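Asks: This is what each chain is made of:
Number of protein chains: 2
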Amino acid sequence: MNTAVILAGGTGTRMGLDCPKQFLLVQDKPIISYCLDVFQNHAEIDNIVIVVSEQWQDYVKENIDKYSFDKFRGFAPAGRSRQHSIYNGLKAVDANCPDTDIVIVHDAARPLVSDEIISSCIQGAKDFDGAMPVITVKDTLYQSKDGENIDQLLKRSELFAGQAPESFRFKRYFEIHNEVTDEEIENTAGSSEIAYRHGMDIRMVKGSERNLKITTIEDLETFETILKGGV
Amino acid sequence: MNTAVILAGGTGTRMGLDCPKQFLLVQDKPIISYCLDVFQNHAEIDNIVIVVSEQWQDYVKENIDKYSFDKFRGFAPAGRSRQHSIYNGLKAVDANCPDTDIVIVHDAARPLVSDEIISSCIQGAKDFDGAMPVITVKDTLYQSKDGENIDQLLKRSELFAGQAPESFRFKRYFEIHNEVTDEEIENTAGSSEIAYRHGMDIRMVKGSERNLKITTIEDLETFETILKGGV
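Protein chains in written order, with this note's numbering: chain A, 1 to 231; chain B, 1 to 231.
If you're looking for bench data, these hints aren't it; they were derived computationally from the structure. Quantities reported herein were computed from a predicted structural model and do not represent experimental measurements. The reader is advised that the hints may include incorrect statements.
Unchecked claim - Result set (BS3-like, lysine-lysine): computed pairs, CA atoms no more than 27 Å apart in a straight line:
hint : chain 1 : residue 1 : chain 2 : residue 2
1    : A       : Lys206    : B       : Lys126
2    : B       : Lys126    : B       : Lys71
3    : A       : Lys126    : B       : Lys145
4    : A       : Lys206    : A       : Lys61
5    : A       : Lys71     : A       : Lys155
6    : A       : Lys213    : B       : Lys138
7    : A       : Lys206    : B       : Lys228
8    : A       : Lys155    : B       : Lys155
9    : B       : Lys213    : B       : Lys71
10   : B       : Lys145    : A       : Lys228
11   : B       : Lys71     : A       : Lys228
As the list claims (entries may be wrong) - With beta-carbon atoms standing in for the labels, derived distance ranges:
hint : chain 1 : residue 1 : chain 2 : residue 2 : range
12   : B       : Asn63     : A       : Lys138    : 49 to 55 Å
13   : B       : Glu209    : A       : Gln55     : 38 to 44 Å
14   : B       : Gln27     : A       : Asp201    : 35 to 41 Å
15   : B       : Arg210    : A       : Gln152    : 33 to 39 Å
Glycine included, every Cβ here is placed at the ideal spot set by N, Cα and C.
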């Protein structure tokens, strides 16, 4: 069984909105519903768990009923960091979908995830312990410990920007979260990081420029342009 | 004396265009003319040298005359790499503007460079040996030597995306180019890299999200949106 955990706990503060960005309507449909559509319709996805703050659960539930997302298996509360939210999602998977072999963690703010990326992630978790879609980096990136002096220019050919969803063998990934300190969960910057740090073999798979994360108003405009078939 | 070297040698192949992107018309004005405007009008800039392939020199010259860019001091031919183009520009600076103290190297494809960024770069080269504007990085970045296994997640707080213009004390920067092998110039990925690798003290200064580089069609759309006052 493969279970998707959709992270929708963000508060939208970075965009200065009253409404968290994943619930903004684009072409009359909340952003979160775009990725739910893709997971709902994917043949290899059996269950969907959604991590969202309690005040938004009724709103999300209405949309789930409206769009007939029958793979929905329940909510988990948002945590105080992204990785805490993931941990809450894993607990809900353990409680509601105990037969889960592979968990696929996705951001509600990435509405344009494709079937192919989900399939690659599932295959990666079957062949290894997990997978993360990545894209190449266009910027010239420098490393500086003090933010003033340049320590080194990083080799662009060795750099990859991580996207979502990330997939993991569920049991081992959940165990790691049960074993580590709360501080370690707090200080986890990427959901694959905690996995490979504890010995899981996480591979990179091909992501896509289209699979953008909506963080700024410009991202939102790009998403709308793509929906209109402009890009 | 402060001399700007504007790099306009790109061929536009990455965007699949017949016309190099820096010569595309946006609101009836070629992209290159936007940054030329800023350098022409900046009180601390004395001279402007433009690096461009010979076939485009007449076209650029027409625009220079049309927009009264009276700080223009000549062309240099495009090189086979970005750093070769810079070296060609430095040779033209040495020939045409020998009193140059500070050279400011800019990309014609960054039309929205600001007065403030140019001033910071000049000040940085006065206080130290050079300066480069940077912005923080939004992506979660992983390093992988083989493109498959993750070696490490990079600390976002230590990462900076380099922009243009970059400023350098002219004499020392030119000397370095005269001393190193052609191979080293070829393998230089960022124009500050060759400087700090040879002992110049290059500092990071504050860049801007607005100072975007036009690389893709989406970037072009963002530029047009900004010009219309949309962002």
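Asks: Does the Cβ-Cβ separation between Asn63/B and Lys138/A fall within 49 to 55 Å?
Replies: The hinted range 49 to 55 Å is violated for Asn63/B and Lys138/A, with Cβ atoms some 28 Å apart.
Asks: For Lys71/B and Lys228/A, compute the direct alpha-carbon distance and say whether it is at most 27 Å.
Replies: violated (44 Å)
Asks: Checking one constraint from the list: CA of Lys206/A to CA of Lys228/B, max 27 Å. Satisfied?
Replies: It is violated: about 36 Å lies between the C-alpha atoms, which goes past 27 Å.
Asks: Just to be careful, I want the Cα atoms of Lys71/A and Lys155/A compared with a cutoff of 27 Å; is the pair within it?
Replies: violated (43 Å)
Asks: Is the hinted pair Lys145/B and Lys228/A satisfied, with a Cα-Cα distance of at most 27 Å?
Replies: violated (38 Å)
Asks: Could you grab the alpha-carbon distance between Lys155/A and Lys155/B and see if it respects the 27 Å cut-off?
Replies: holds (15 Å)
Asks: Against the range 35 to 41 Å, how does the distance between the Cβ atoms of Gln27/B and Asp201/A compare: consistent or not?
Replies: violated (52 Å)
Asks: Per the hint of 33 to 39 Å, is the separation of the Cβ atoms of Arg210/B and Gln152/A within bounds?
Replies: violated (27 Å)
Asks: Between the alpha carbons of Lys213/B and Lys71/B, is the straight-line distance 27 Å or under?
Replies: holds (24 Å)
Asks: Just to be careful, I want the Cα atoms of Lys206/A and Lys61/A compared with a cutoff of 27 Å; is the pair within it?
Replies: Answer violated: Lys206/A to Lys61/A is near 32 Å, above 27 Å.
Asks: Is the hinted range of 38 to 44 Å satisfied by the C-beta distance from Glu209/B to Gln55/A?
Replies: For Gln55/A against Glu209/B, whose Cβ atoms are near 32 Å apart, the range 38 to 44 Å is violated.
Asks: Please verify whether Lys213/A and Lys138/B have alpha carbons no more than 27 Å apart.
Replies: holds (11 Å)
Violated hints for the displayed structure, listed by number in ascending order: 1, 4, 5, 7, 10, 11, 12, 13, 14 and 15.
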